[in-house]
Amino acid sequence: MLKVGVIGLGRMGKLHFLNAMRIAGVHVTGVADKSETNLKVAKKLSVKTYYDYKDLINKEKLDAVVISLPNHLKRLGITHAVENNLDVFVDKPLGRNVAETKDIVHEVETQGTQLMVGVNYRHIDSVQKLKSDLEEGKIGDVVLSTAELIMDGPFSHSITPRPVPEWWLSKETAGGGALLDLGYHLIDIFHWMFGDVQPICCTLAFRFGLPVEDNATVIVRSRKTSTRGVVNAGWFSRMIFPNFNFRVNLHGTFGYECTDQFAPKNLYLHSVKEGTFNFLRKIAGKEIHHLSYTYYYASFYKVLKLFFEAVNKGLDVPVSLEGQVETVNAIENAYKQHEAAAYA
Amino acid sequence: MKLLLMHRVVLTSVGNKDFAAEDIQRTVSKAIDLIKPNFEKAATVVIKPNLSYYWDYSTGETTDPRVVSAIIDYVRSNVSSDVRIVVAEADASAMKTKYAFKMLGYENLSRQKKVDLINLSEGNVVNKEVYVKNEKLTLAVNKLLLDADMIINVPKLKYSRTVGVTCALKNMFGAISTPRKFVYHENKTLFNVIIGINKIIKSDLILVDGIIALGDYPRKMGLVISGEDPLATDLVAARIMGYDPSEINYLKLGQEEEGTFQVNLLEDGVKLSEVRRNFPKQNFLLQKISWRLQLSMLRTYARVVGDTVPPILDESRD
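Each protein sequence line maps, in turn, to chains F and Z. My numbering applies: residue 1 is where the first sequence begins, and numbers increase by one. My numbering applies: residue 1 is where the second sequence begins, and numbers increase by one.
Just to be clear, a hint being listed does not mean it is correct.
[As the list claims (entries may be wrong)] To give a feel for the contact side, a few chain F residues facing chain Z, derived at Cβ under 10 Å:
#	residue
1	L15
2	F208
3	H289
4	S292
5	Y297
6	F300
[To be verified] Some residues of chain Z that are not near chain F, with every Cβ distance over 12 Å (derived):
#	residue
7	G15
8	A43
9	T59
10	I118
11	K133
12	D268
13	L272
14	N278
15	M297
No lab work stands behind these hints: they were computed from the structure. Idealized CB from N, CA, C, for every residue including glycine.
Construct the complete structure from the given sequences, taking the supplied hints into account.
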């Protein structure tokens, strides 16, 4: 049984915690968060709670940690975990910039532990379908790929309204805006599908007047396949779940595919269907498909499960750190281009 | 013989769907002229827009800064260039005023027009007592609002799931200094609090930004509604949105508290019957019950099957 701690119980951390509690072979022995309110979810499930993650790591004999901290606190958390010989699962982005990302990778490699970035969008069913069709050659060579993820980002409303955590709105603490937050997934998907990602050009926009961009368009290419990619990311759209403005289009020499073709047309019907199937699976004694009724959130469960499976079996985690450095590099390049244009 | 109190409300239209700044300015100016407010002793004017969250006027959520800009220009050129003008808003449960001012274009407006931006949740805040339906309420109010010579209430015309119509009276609810006003939504006092805060803070002039209104989605209506009384203005706004004002709880309560008056509606080149639209007619209580039922079914499903409810749907449990 893998002994796991969860560091940071914000919205994503809570989801990882609840998912980890459901994964076979994993025992969540403790969690850490500075907020008493955030710790309630763990207390209800009788999991030990700490205000300081150093105490969690020192007092519990852990094998791995899930880190879900604000971007500016992530590096310290990862460093402390790997110094204590723990394998780490962490939310994207791995770092706020290339230098920080490389430093993290260097520390992990020096300590010889495993680190996996939770790039969950790869594990959305419709994206998996595109990837498998691409590998089968179903649409020929992909010449052009376009991807978009435009939603409300940190401005999404929860059921109980709370202010947006301020770290999101500063370049220093967040590292960037919509591009680093949402564009990261799209660039990661491009890298994963085509083997590498090289930045070509970008435009950033600041409709909200914040120090971080609220929308961005980036053009990238793959040296390996010569595929060009256009990535559009934005935080500017007021959107209410289950609306989900995400798609990847692959334009190949033998046709075209889009994630929309393989995503549920009606999420409510999908939920009822998946919920019923899970109920039947439960009765039949089979493993249920966690969070499949939400479609989108199932990807968080899948990516976390892959991490624990790899750690449990002593295998390499399925997300390369080199790829994550390339993704951050493409984003940093976009920021540099924007700054250069602003000063020109 | 007792004279029946009469409140003027003026309905004006920007006239096209481009909504250029100069068209908005002309319309706002006319809307004020037709109301003929008394600016005589106005040394300090406080403008209270609706900045309930970070979505800008194009979504129908918040007041267009160009409407506020037009009001500032009007005051400067028709009253005096020396008038101190303050644009004020209070923090809300999910909104921080300092970001709303920045993100919604009010910081730029403040620089261009040299007006102050004030967060009503900060500074000199006092507790004021008020009675509504014989119930005593204590509400936190910034002294700025109590000391102002004139308060110009600039709400957005929009639909709200909780109260139906969100316009002038509800905009002043947003002026309560307490950030977590969400607590009022959770109990039965919401309607009383809306009426109560309007008893404490009197709006002298109302200019409703109905240029892009919000129903289930934004609607380009091109309207500016001006009024000298918030309740009278809201009664007209409710009719424009296709509601029967007697079915809007806090409007009914407001009428009970304010007593009998007559609305004198002036339709300036635009008729209420022509601009009237059907905004959503949903019962908040039914919606709430329906959501609670769905959530409870979801929790039962998760417990029986061993699945998870994403925290974003279930945060109320904390």
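Consistency of the hints with the structure:
With a least beta-carbon distance of about 6 Å to chain Z, the hint placing F:L15 at the interface is held under the 10 Å criterion. For the restraint placing F:F208 at the interface with chain Z, the shortest Cβ-Cβ distance is roughly 4 Å, inside the 10 Å limit, so the hint holds. Nearest Cβ of chain Z to the Cβ of F:H289: about 9 Å, under the 10 Å cut. The hint holds. Residue-level restraint check for F:S292 holds (minimum Cβ-Cβ distance to chain Z is 8 Å; threshold 10 Å).
The interface hint given for F:Y297 is met, as the beta carbon of that residue sits about 5 Å from the closest beta carbon of chain Z, less than 10 Å. Checking F:F300 against chain Z by beta carbon gives a least distance of about 8 Å; that is within 10 Å, so the hint holds. Separation of Z:G15 from chain F is adequate, the least Cβ-Cβ distance of about 27 Å exceeding the 12 Å criterion. For Z:A43, the non-interface assignment is confirmed: its Cβ lies about 31 Å from the closest Cβ of chain F, beyond the 12 Å cut-off.
A Cβ of chain F approaches the Cβ of Z:T59 within 12 Å, the least distance being about 5 Å, so the stated non-interface status is violated. No Cβ of chain F comes within 12 Å of the Cβ of Z:I118; the nearest lies about 19 Å off, and the non-interface call holds. Every CB of chain F is more than 12 Å from the CB of Z:K133 (nearest about 27 Å), matching its label as outside the interface. Residue placement check: Z:D268 keeps its beta carbon more than 12 Å from all beta carbons of chain F (closest about 32 Å).
Look at Z:L272: its CB is around 29 Å from the nearest CB on chain F, clear of 12 Å, so calling it non-interface holds up. With a closest Cβ-Cβ approach of about 21 Å to chain F, Z:N278 is found to remain outside the 12 Å limit, as its non-interface label requires. Non-interface call for Z:M297 relative to chain F: violated, since the shortest CB-CB distance, roughly 9 Å, does not exceed 12 Å.
In the structure shown, a violation is registered for the earlier hints numbered 9 and 15, in ascending order.
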